[in-house]
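Participant: Order-wise, the sequence lines are chains A and B.
Position 427 of the first sequence, counting from 1, maps to 427 under the UniProt record's numbering, and the rest follow consecutively.
Position 386 of the second sequence, counting from 1, maps to 386 under the UniProt record's numbering, and the rest follow consecutively.
Hints may be right or wrong, so weigh each one.
To be verified - Short, incomplete list of chain B residues facing chain A, as computed with Cβ under 8 Å: (1) A30; (2) E173; (3) A181; (4) E182; (5) L512; (6) A516; (7) L518.
Said to hold, decoys possible - Simulated crosslink set (BS3-like; lysine-lysine; CA at most 30 Å straight-line): (8) A/K185 to B/K369; (9) A/K40 to B/K185; (10) B/K54 to A/K185; (11) B/K185 to A/K54; (12) A/K280 to A/K405; (13) A/K331 to B/K189; (14) A/K189 to B/K331; (15) A/K189 to B/K40; (16) B/K369 to B/K441; (17) A/K40 to B/K189; (18) A/K189 to B/K54; (19) A/K331 to B/K331; (20) B/K331 to B/K441; (21) B/K189 to A/K54; (22) A/K441 to A/K405; (23) B/K331 to A/K185.
Note that these hints are calculated values from the structure, not bench results.
Where is the CB? At the ideal position from N, CA and C, for every residue including glycine.
The lines below spell out each chain.
Protein chains: 2
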Amino acid sequence: MAAAEPTAHALIAQHRPTLDQALEAIRTRAYWSPHPEHPKAYGENGSLDAAAGKAAFDAVLHTRLDLGQPGTDDWVGGEVSPYGVELGVTYPHADVDTLLPAMRAGQGAWRDAGAELRAVVCLEILKRISDRTHEFAHAVMHTSGQAFMMAFQAGGPHAQDRGLEAVAYAYAEQVRTPGTAEWSKPQGKRDPLALTKSFTPVPRGIALLIGCNTFPTWNGYPGLFASLATGNAVLVKPHPRAVLPLALTVGVAREVLAEAGFDPNLVALAAERPGEGIAKTLATRPEIRIVDYTGSTAFGDWLEANARQAQVYTEKAGVNTVIVESTANYKGMLANLAFSLSLYSGQMCTTPQNLLIPRDGIRTDEGAKTFDEVVADLARSVDGLLGDDARANALLGAIVNPDVKARLEAAAGLGEVALASREVSNPEFPDAIVRTPVLVKLDGARKYWEGTDDEAAYMGECFGPVSFAVAVDSAADAVALLRRTVREKGAMTVGAYTTDAEVEQAIEEVCLEEAAQLSLNLTGGVYVNQTAAFSDFHGSGGNPAANAALTDGAFVANRFRVVEVRRDA
Amino acid sequence: MAAAEPTAHALIAQHRPTLDQALEAIRTRAYWSPHPEHPKAYGENGSLDAAAGKAAFDAVLHTRLDLGQPGTDDWVGGEVSPYGVELGVTYPHADVDTLLPAMRAGQGAWRDAGAELRAVVCLEILKRISDRTHEFAHAVMHTSGQAFMMAFQAGGPHAQDRGLEAVAYAYAEQVRTPGTAEWSKPQGKRDPLALTKSFTPVPRGIALLIGCNTFPTWNGYPGLFASLATGNAVLVKPHPRAVLPLALTVGVAREVLAEAGFDPNLVALAAERPGEGIAKTLATRPEIRIVDYTGSTAFGDWLEANARQAQVYTEKAGVNTVIVESTANYKGMLANLAFSLSLYSGQMCTTPQNLLIPRDGIRTDEGAKTFDEVVADLARSVDGLLGDDARANALLGAIVNPDVKARLEAAAGLGEVALASREVSNPEFPDAIVRTPVLVKLDGARKYWEGTDDEAAYMGECFGPVSFAVAVDSAADAVALLRRTVREKGAMTVGAYTTDAEVEQAIEEVCLEEAAQLSLNLTGGVYVNQTAAFSDFHGSGGNPAANAALTDGAFVANRFRVVEVRRDA
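Generate the whole structure from the sequences, applying the supplied hints.
Facilitator: Following this line, the structure appears as structure tokens:
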């Protein structure tokens with residue numbers, strides 16, 4: 001490590017202030033971010049501006065992304081953008097019997113580096129990713145189908161924030177125990193018993209990150225950086241349709257690790273052949289001691305049941321509910337909901353699916369509204385929001401895969417269509433499949449224990465631009481259905497609109513008892529499906545939608561262990 | 001909660017200073033304890049002195065311990081002290097379909113009390129237990145078979161320390177996130193986005209504590225208090241041979257909860273009929289969301305595999321190793337080891353089992369010693385320590401159950417006996433089975449991959465007063481066998497004696513890589529099998545002996561979740 005010492009000092013000098021700010025932010029949970037959201041903020045101090053970022057993205061297309069990994073036995077790749085562009089990038093396919101031992105080789109030095117140096121190396125990785133935010137934005141856009149601005153913000157600064165947040169939590173957790181302690185126990189008139197103790201955070205082993213299609217960086221960075229910052233090597237297994245953003249990430253991490261004097265194999269990529277399904281094989285390898293996963297409930301449950309040698313952190317499917325009981329800002333509510341349903345074509349784990357509305361209507365600042373009026377007004381709001389094709393394209397992005405399209409098309413048959421989905425053409429990418437959301441009326445009251453078809457629809461996750469306006473008997477009925485939905489199906493988010501203190505309290509109580517994150521009466525520019533790093537928790541880890549929250553102490557505390565060595569003083 | 005307010009303020013005023021000291025102690029890991037170790041320290045300020053404690057214990061014998069629990073359908077009990085005394089206490093046998101719902105009823109108020117009030121209520125419970133330490137000492141002695149002084153210290157102040165440590169960790173973890181936050185995100189020239197957020201720690205549900213025979217309070221209190229302090233109700237399922245200490249604990253907890261205005265059913269006892277095996281039934285109930293367990297590897301593994309609806313914290317079996325390579329204090333080493341092997345007849349999960357000694361002997365401050373000399377000298381040290389029957393009884397306690405006695409008797413057939421076990425008579429309790437430890441020579445070098453009988457002996461846990469002096473080829477051989485033992489069998493403790501810096505480093509490296517807690521060159525009054533709360537970790541949670549450490553952030557962080565409610569500001 002002698003050769004790396006100057007680098008270590010430089011990295012600490014450069015990044016320690018940011019780390020300290022992050023530590024303060026997670027303590028106060030006030031607004032904070034070091035990563036600019038505006039595309040024009042980039043282009044100075046070594047960061048790529050819009051043109052340079054686009055050029056960097058274009059330059060990687062149709063190339064072999066050679067990460068210099070050991071055990072590369074082949075090159076694989078076949079990503080096709082939801083916007084219709086073939087990416088043509090190939091990635092190393094690993095012989096894991098060679099790669100995994102190579103990943104362990106550098107763990108001793110990484111462990112010995114200590115929590116602070118690991119943290120600032122992680123911050124340097126994030127800094128270089130941040131500098132390339134424009135390039136990453138295109139990579140996220142053309143794998144997830146997000147519109148450019150969303151890919152830029154959610155895939156760039158917001159994902160980097162979540163990574164930094166995980167580093168801050170990991171650092172804080174590791175330094176709760178001091179490196180050394182002198183222990184002296186009085187023995188009356190005899191000499192005290194005295195011991196010198198050292199405490200070392202040690203990694204669990206190799207961590208496996210299983211990436212998702214829709215938010216490869218945003219959902220991937222917390223686990224990646226939490227594991228790396230706690231001393232583990234990290235093997236990144238991206239979704240086959242969204243390899244590039246994480247492959248670029250692995251490339252940056254390897255570059256920074258090597259420059260800082262560490263083994264670049266502490267971070268590696270495991271791309272796969274179509275249909276190879278290596279996640280199962282990797283997740284149950286004895287070397288893998290941590291798994292982070294975002295995706296389907298079925299595979300998340302499989303991981304929890306089978307990757308028993310590992311700590312498994314999963315974000316799975318859920319059914320998100322918004323109760324619409326009454327409002328003091330009818331227009332604001334409609335606008336807010338319309339945006340939530342439309343953003344990224346509803347392809348967020350946090351998008352509301354079921355809108356529970358009393359069949360007798362609701363009280364508003366514009367007078368009483370019937371169930372049908374509320375639904376029709378919401379449909380009009382969505383229509384208005386997406387009426388202009390350019391704006392629709394900018395909000396909706398593209399449908400990420402054929403399954404979502406199929407679900408969208410089937411949804412119209414589930415009930416009375418209050419708002420039909422329409423095709424939007426994208427002049428820049430004519431092959432992109434762009435659709436506005438469908439809103440379907442269902443009847444929930446008196447039926448949710450009877451197993452009707454309506455129930456089958458609203459009690460299952462219908463991932464994509466599909467929402468159900470579910471008529472309920474009363475506020476109490478809505479609250480009961482909310483409880484049942486969260487308990488049985490899980491929820492990443494719950495929303496509610498009410499001016500009634502008792503109803504509000506009942507909804508809060510359900511969320512506290514069933515561990516669901518609640519947004520109340522949002523009528524401005526914050527949406528139920530968005531969370532901010534350092535302040536909002538993403539998921540609760542306490543209902544079936546996810547067994548972990550982004551990010552809290554529990555997300556990092558078990559990624560390392562503390563080994564104590566004690567000696568007579 | 002209005003009626004409880006004065007009590008809440010009084011409890012906070014009384015116990016907050018102790019909580020703050022505990023928080024400081026876990027941060028510095030210097031020596032600290034608020035619970036006196038000396039029996040004579042009790043008898044003032046409401047605590048029971050020796051005579052009063054003994055009288056209280058005698059008064060509970062042959063009675064029905066009515067805890068006032070709902071759903072009591074029967075009374076059960078049949079504890080017989082390892083010292084030969086029938087306790088004759090009966091306990092409520094629960095109809096769990098009545099008891100579990102009753103335990104949930106008070107959880108809302110307990111959650112709403114908040115982290116600080118929960119912590120000081122826990123401290124009041126510990127204070128009242130502390131006041132009755134003499135009474136608890138007899139209860140621990142006559143269920144575990146520990147000698148009185150050990151039952152007093154380990155079952156009293158040390159267990160209370162571990163409980164308080166868990167409360168401190170639980171409190172610290174819950175207040176890492178503030179109760180409320182104002183979040184304001186700049187929007188350039190427009191008004192900032194502003195939200196008011198609240199964050200509430202919420203319990204997972206009902207926690208199940210499955211107690212053990214040998215350390216009912218010491219091993220039980222961390223889980224019990226960690227779960228209670230994080231807002232969960234706790235159902236205590238004691239070992240059928242060690243019900244009384246935990247039943248008394250439940251009684252105190254229920255009394256304090258009720259006085260503080262909470263539902264006493266937040267803590268309840270689940271005693272069982274002989275052979276009923278209710279642990280399996282309870283651990284897989286949907287209401288049970290946390291399980292703490294100390295005991296056999298087989299049942300620990302079963303819990304981890306089957307109690308999938310719960311967070312499961314287990315301490316299982318392991319094979320503890322001491323490497324004896326060289327020493328600068330031969331006499332001190334022998335005395336230290338002799339004590340470690342003898343204390344509580346080796347019936348501690350931390351007692352060394354395998355002493356790895358180079359067959360060519362070791363260097364010492366008294367010159368070179370052959371393998372046979374080291375073993376013979378150690379045998380003499382144990383003999384000397386236990387030569388006097390009164391002292392032997394005070395150190396050894398009684399054999400806790402017939403299985404331990406059978407293993408001890410079988411051990412003499414495993415190899416050359418270097419020190420035979422002898423029977424010690426106990427004049428006060430003539431039916432107690434008291435035995436000195438057996439030390440058996442085995443050959444480890446060149447054999448540990450061949451599957452010899454020697455290997456079968458030293459690679460399996462032989463819980464009780466049995467140790468093996470295993471001849472190894474070299475220090476390197478010892479280090480390799482240590483690694484293999486920890487990796488395959490787990491270890492709660494590792495000890496080593498060496499004056500060689502390279503050997504020391506190699507042993508440390510193994511402990512860091514395999515996550516084992518290491519005591520180096522202990523020759524004074526601290527023993528490898530003892531750990532001190534607030535400073536030492538008990539287990540690492542990173543090798544097969546235990547999946548959790550007592551106590552760290554990971555032990556508490558997942559016992560609750562944080563629910564956020566956010567509103568437009």
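Participant: If a hint holds in the structure, say so; if it does not, say that too.
Facilitator: Going down the list of hints, with the structure as the test:
A distance limit of 8 Å between C-beta atoms decides the matter here; for B/A30 the minimum to chain A is near 6 Å, and the interface restraint holds. Contact between B/E173 and chain A, as hinted, is supported at the beta carbon level, the nearest pair being about 6 Å apart and thus within 8 Å. At its closest, the beta carbon of B/A181 sits 4 Å from a beta carbon of chain A; the interface hint therefore holds under the 8 Å criterion. Contact between B/E182 and chain A, as hinted, is supported at the beta carbon level, the nearest pair being about 7 Å apart and thus within 8 Å.
At its closest, the beta carbon of B/L512 sits 5 Å from a beta carbon of chain A; the interface hint therefore holds under the 8 Å criterion. Interface restraint check for B/A516: the shortest CB-CB distance to chain A comes to about 7 Å, inside 8 Å, so the restraint holds. The beta carbon of B/L518 comes within 5 Å of a beta carbon in chain A, closer than 8 Å, and the hint placing it at the interface holds. Taking the CA atoms of A/K185 and B/K369, the gap is about 33 Å. The hint is violated against a cut of 30 Å.
Distance restraint check for A/K40 and B/K185: the Cα-Cα separation of roughly 18 Å lies within the 30 Å cut-off, and the hinted pair is therefore satisfied. This hinted pair checks out: B/K54 and A/K185 have alpha carbons roughly 29 Å apart, not beyond 30 Å. At most 30 Å may separate the alpha-carbon atoms for a hinted pair to count; B/K185 and A/K54 meet this at roughly 29 Å. Our distance criterion of 30 Å between C-alpha atoms is met by A/K280 and A/K405, whose separation comes to about 27 Å.
Taking the CA atoms of A/K331 and B/K189, the gap is about 23 Å. The hint holds against a cut of 30 Å. Pair hint A/K189 plus B/K331 holds up; C-alpha atoms about 23 Å apart against a cutoff of 30 Å. Between A/K189 and B/K40, the direct Cα distance comes to roughly 16 Å. Compliance with the 30 Å bound is thereby established for this hinted pair. With a C-alpha separation of about 16 Å, the suggested pairing of B/K369 with B/K441 holds against the 30 Å cut-off.
For a cut-off of 30 Å, the pair hint linking A/K40 to B/K189 stands: about 16 Å separates their Cα positions. Proposed proximity of A/K189 and B/K54 is supported: the alpha carbons are some 29 Å apart, at most 30 Å. Restraint check: the Cα-Cα separation between A/K331 and B/K331 comes to about 85 Å, which exceeds 30 Å; the hinted pair is violated. A threshold of 30 Å between alpha carbons decides the hint, and for B/K331 with B/K441 the separation of about 21 Å falls inside it, so the pair holds.
About 29 Å separates the Cα atoms of B/K189 and A/K54, which keeps this hinted pair within 30 Å; it holds. Taken as a hint, the A/K441 and A/K405 pair is honoured in the structure, with Cα atoms around 20 Å apart against an allowance of 30 Å. For the given pair, B/K331 sits about 23 Å from A/K185 by alpha-carbon distance, which is consistent with the 30 Å threshold.
When each numbered hint is compared with the structure, violations occur for hints 8, 19.
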